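Protein chains in written order, with numbering that gives the first Met the number 0: chain L, 0 to 377; chain A, 0 to 377; chain E, 0 to 324; chain C, 0 to 324.
In short, the hints are calculated from the structure, not lab data. Everything numeric in this text was worked out from a predicted model, so none of it was measured. Among the hints, erroneous ones may be present.
What the hints assert, rightly or not - Covered by chain E, according to a simulated footprint, are these stretches of chain A (three or more residues, beta-carbon under 8 Å): (1) 44-58; (2) 145-159; (3) 361-367.
Claimed, not checked - Computed footprint of chain E on chain C; a stretch qualifies when at least three of its residues, placed anywhere within it, have a C-beta under 8 Å from a C-beta of chain E: (4) 110-123; (5) 137-151.
We put the CB at the ideal spot given by N, CA and C, even for glycine.
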Amino acid sequence: MEVLGRRDILNIDRALGLYRVLDEDGNPVAGEPSLPDKLLLDMYTYMVRARILDGWLLKLQRMGRVALHAPNKGQEAAAVGATLALKREDWLFPSYRELGALLVRGMTEEEILDRALTTIDDPLKGSDFAIYGHRKYNIVPAPVPVANQIPHAVGAALAAKIMGDKIVTMTFFGDGSTSRGDFHTGLNFAGVFKAPVVFVNQNNQWAISVPLKRQTASPTIAIKGVAYGVPGIRVDGNDVIAVYTVAMEAVERARSGEGPTLIEAVTYRLGPHTTADDPTRYRVEEEVREWERKEPLRRMRRYLISRGLLTEEEDKALWSEWEKRIEETVVKVLEKPPLPPEVVLEDVYEEPPWNLREQMRELRDSIRLLKELGVELE
Amino acid sequence: MEVLGRRDILNIDRALGLYRVLDEDGNPVAGEPSLPDKLLLDMYTYMVRARILDGWLLKLQRMGRVALHAPNKGQEAAAVGATLALKREDWLFPSYRELGALLVRGMTEEEILDRALTTIDDPLKGSDFAIYGHRKYNIVPAPVPVANQIPHAVGAALAAKIMGDKIVTMTFFGDGSTSRGDFHTGLNFAGVFKAPVVFVNQNNQWAISVPLKRQTASPTIAIKGVAYGVPGIRVDGNDVIAVYTVAMEAVERARSGEGPTLIEAVTYRLGPHTTADDPTRYRVEEEVREWERKEPLRRMRRYLISRGLLTEEEDKALWSEWEKRIEETVVKVLEKPPLPPEVVLEDVYEEPPWNLREQMRELRDSIRLLKELGVELE
Amino acid sequence: MPVMNMVQALNQALREEMARDPRVVVLGEDVGRRGGVFLVTEGLIDEFGEMRVIDTPLTEMGIIGVAIGMALYGLRPVAEIQFIDFVYEAFDQIVSNMAKIRYRSGGMYSVPMVLRSPCCGGIRGGMHHSQSPEAYFMHTAGLITVMPSTPYDAKGLLKASIRSNDPVIFLEPKSVYRTIKEEVPDRDYTVPLGKARLVREGSDVTIVTWGAMVYQSLEAAKLVEERHGWSVEVIDLRTLFPFDRDAIVESLEKTERLVIVHEAPKTVGPGAEIAAYIAENHIELLRGPIARVTGFDTPFPLAHEKLYMPNIARIYMALKKVMQY
Amino acid sequence: MPVMNMVQALNQALREEMARDPRVVVLGEDVGRRGGVFLVTEGLIDEFGEMRVIDTPLTEMGIIGVAIGMALYGLRPVAEIQFIDFVYEAFDQIVSNMAKIRYRSGGMYSVPMVLRSPCCGGIRGGMHHSQSPEAYFMHTAGLITVMPSTPYDAKGLLKASIRSNDPVIFLEPKSVYRTIKEEVPDRDYTVPLGKARLVREGSDVTIVTWGAMVYQSLEAAKLVEERHGWSVEVIDLRTLFPFDRDAIVESLEKTERLVIVHEAPKTVGPGAEIAAYIAENHIELLRGPIARVTGFDTPFPLAHEKLYMPNIARIYMALKKVMQY
Ligand SMILES: Cc1ncc(C[n+]2csc(CCOP(=O)(O)OP(=O)(O)O)c2C)c(N)n1
Ligand SMILES: Cc1ncc(C[n+]2csc(CCOP(=O)(O)OP(=O)(O)O)c2C)c(N)n1
Ligand SMILES: [Mg+2]
Ligand SMILES: [Mg+2]
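Using the sequences and the accompanying hints, generate a full structural model.
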């Protein structure tokens, strides 16, 4: 039997393996990583900020001020580690569970909260929940239909290639999202055209209540790259240094014209799917406990302390500083006025056609009448 | 680095290799195949019939009697070999390029021609071109949007499993079709649910003008099964015995509950994509010449003759017998009246709702008026 | 008779149909252990097992494509799309196959399946958890499109849909899921497809509506009655295609005025067909203009959704317009 | 001025826009060497190279999804769908992204792209090579939908579409591709989006139509003129959304009678909106019923397509109905 001589491109070992720098307790598994101290501390700080902000969004949802939130807890390392590999001019196509990625790109807590609370300063003008983005940071706001953004990241990468820009695009998506057509088509185009894109799969084991083994019979997510000629790398997604390392490699490959990479970051969603979910219906507590032990902040803190880059006291100070700063931001944002009703009819087209101009009149008349009738609609 | 211990399911060697029983000149590559003489002769006869019928459909299209035809020439072995592995009660979900598969299932030339010419006996009542099917033979007529039928084959297979029927479904599709979402989702469902389905990819190297390497960067089509936990087998699609052999294995696996298989039958479309195509625009003549040498009928005839199962004279007789029979059928079918105009409004629902009843009146009135006006609309 | 909300009524409909007919299976994202995100399929997996209550991978195209294959083979699948806003990945399967297989096969094959899904706004769901895309389905020949507004109708219509030999798009206005409760028979009954429900009798103007807008329309009807003494008839269409034209015409024969209220955007929306149907076939019945009160021609917004959706003020304005013409 | 058919005019429009603006790229199945199955993109790959004329894998979802990403980044992609009947796999990308990204991003991002595709019947294309799905797009807020009926308009409208900062669905009636020839300027010009074209002046009845149905309508107009002396005005809408309501209303002020002719199926079709718009805003202009002559509410058939599509007899019947009311 003649066998095609191209097994090398399959990258099978890396796609079936699990790359790690730290073990679950924060001990280096194969020698000390050689990254600058500041970068290591930044990684941790971003994760801390994401964790605190995540908690606030949860609280604000319970207070009825945020429509819905998709908790990030436990997945901070994948978002932060991967995004840190990007340059300022690169583009990010996130999903709805990457607060840390937004922070790394430079988005502020205030901008994120404006968005979540649809205040007058909401950069996305109240369009949808759980999505974030900002042109200023080259972050395209995520579509809620999962995986939709994957071909966009590929298209933007190809556009950059066509225009001769040496930028890279990166997109995040979950394990469940790999079942969608968008994943298939995005990876396929990227493979065929060698698009400078990095696919970051956050394999958090669940798509709401559907476990990974019901999602795919593939041995790993990373190996799916084989179907597209896209190298796959499986990495411990709770090890921020490991994620950063493989992301750097992927970003450099992309930037140097060698094409796309599929990174599977193996992680776990410690919280509910969203604030509307009740995970006790479908998963056992022990599983959560087990992954809590492996969660990324604990691990990184232990490592930083053991390496002497952080003391227990400094860590406490870091947390309380950010807790205070973010709380102050929350208070400030809570006091902002809401978006004006007219936003409902704006930004459908560059210029509103006649139907929207008429509907703007209808909207304004209806608001006047509602006031007259004494009806509260919010 | 810890590596998942499941490399076995990847079936990499079979998915990257090329299974053959006969070489390009019809010589057995590894010993005499042990199949009954009658079966070997049947394989050849079905291919001969398909080849002749294909030629007629081409001619009938040029005569303006068939709206469009997708030539099969060069691909007869994949359709015939794979379908011969099915039992009567199994279900077939073909594409538009498998005349041989229809014949193997028992469909007659007359039924196929009735369909192609939309005569009064057209079993599908004039609905579309290039598609064939019949409930009598468990053949579901193909949708023209490519790959659409793949999830249907999976769903039917799952339904059979749920109902406890020990049947297998088989579906055909081209290399281009693997880029569509339907391929992705069909393979994924089949893998997750171990559906008793056999996927037969006719990799004929082209999707109209798009060559395989522009379709996917995957080293083979068969290896794509890895992404779904579906074993892939790559086979010489112009070697009818080889196709039959791997299809039998896949059908038996499916029937015994072991799940789906993806067969890549490597073949070549010798003719234009359809009667509306002009392949000289995009491919070179040498390529066609090269594949003509490898075409399946020549190869099988040489083998049968060398094995003593067929003489040159018998072969001539076989061809002229079928040429005569099919020509007679063509003549008969050409004389049949067309479908009545009312079919346009039938079979939308089980019972026509009020709008269709009214539109039937409109149709009849318009036909009367057209006659009165002396306008010919066909 | 037990009092139920729509979720309970739908759950019971599924349970009864699955018990009655072994060909009925349920599939979709999170329909198993999770019981669906709105719990419409709660408990079914315990009663009917994993073979008949199937948690699927996350792909609407796959759910519908596979359900079509199941229906072709002889099952009666009820496929859940978690929110109708996610149905578009399946649009090719719906338009090219679910709707067309009977026609394509000259009547030899059919696709007796139900696509059921929560739809419409009113729960702060934002752009992709609030849509009312019924117009797309109504425009697609081969499909039946249904939207109940009450628990009673929900149960009866779902059962009728499952028994239909034609494919049904069954849309559930999620804002009504738990807010409306009524007596629902604990036994088998169906509500026929294609028949509207007269919700409120009136003589001056007819509102044709469906889903959650039935309740907004009733409020507006009360308001104009109080303020102006106008008597408003409200018709709940229930089946959107084929819609009950007789019920509309009968009402117009009395009222001679028509307001159509729906959440879907206006342009080429479902209301356009109803208005066009009347303007084409019964213009003589009308005293003046037809009015449409609809979702605006924008994506569904997160902020100010109640201003986006038809509300009492906008319906009132329309009633006034047609009454004072 | 050179005489061209629509294929040549479209080809020239693409060529000129690509030369004028390096951001314009073309992508789709077989658009490269093959020049598209109708040769609309013929020769472009030789002139602009493989980076700007891109043969894609066979997936409409990918073509549109990737084109959206390109447009986000700053290109102006013209994505070809080989036949509009295959667009549905891309429907999620179209409805959820192409149409909504401007809104979703509060105006920060836009998707200046064109989806162009041969549409409509008349060439014995059968169920999946003949559809007229414009209603789906017209109902989707955020999209502009265009269909030219002449080579001149095709060139000018395509150029305007490529320059539009909003996403445009550009539908090309393939039965007209090579049958109609006219003088087309060899130089740059655009035909503005949103403006109808008065094709034939008349005073008794207005036909609003577009695409290939312009020609059927003209034949029917001639017939009734000869037979009955009725004077028929024919308006080619050209842009289907936002449609030129002023042109329609102006004509109705004169004729007071309206017939709408389109190939798309009737129920919730594009004609429903035009009829509803008039019934809602200008009912006082009408002397009698509006009539719609449309594709039947079935899948598009292979057999007897000319009976399925609006033809001279059916348009004649409708004109008679509204004239003799
Ligand atoms: C197309 C689509 N279908 C369904 C949903 C509803 N939904 C939201 S998130 C989700 C699960 C996503 O799982 P995964 O991709 O693994 O991401 P995770 O939530 O685990 O981060 C589902 C089904 C959706 N948002 N989009
Ligand atoms: C969804 C869809 N897009 C486009 C087409 C037009 N088309 C018909 S066949 C074809 C190529 C199919 O290639 P492949 O799957 O390799 O099958 P082959 O024709 O080579 O047998 C294309 C693009 C189609 N039928 N369906
Ligand atoms: Mg997940
Ligand atoms: Mg092919």
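Hints versus structure:
With 0 residues carrying a beta carbon less than 8 Å from a beta carbon of chain E, the region 44-58 of chain A misses the three-residue requirement, and the given coverage is violated. Using a Cβ-Cβ cut-off of 8 Å, 12 residues of the region 145-159 of chain A lie near chain E, which meets the minimum of three, so the contact claim holds. Only residues whose beta carbon comes within less than 8 Å of a beta carbon in chain E count, and the region 361-367 of chain A has 0; fewer than three means the coverage is violated. Proximity of the region 110-123 of chain C to chain E, defined as three or more residues with a beta carbon under 8 Å from a beta carbon of that chain, is not established by the 0 residues found.
Note: the region 137-151 of chain C has 4 residues with beta-carbon separation from chain E under 8 Å; the three-residue rule is met and the coverage holds.
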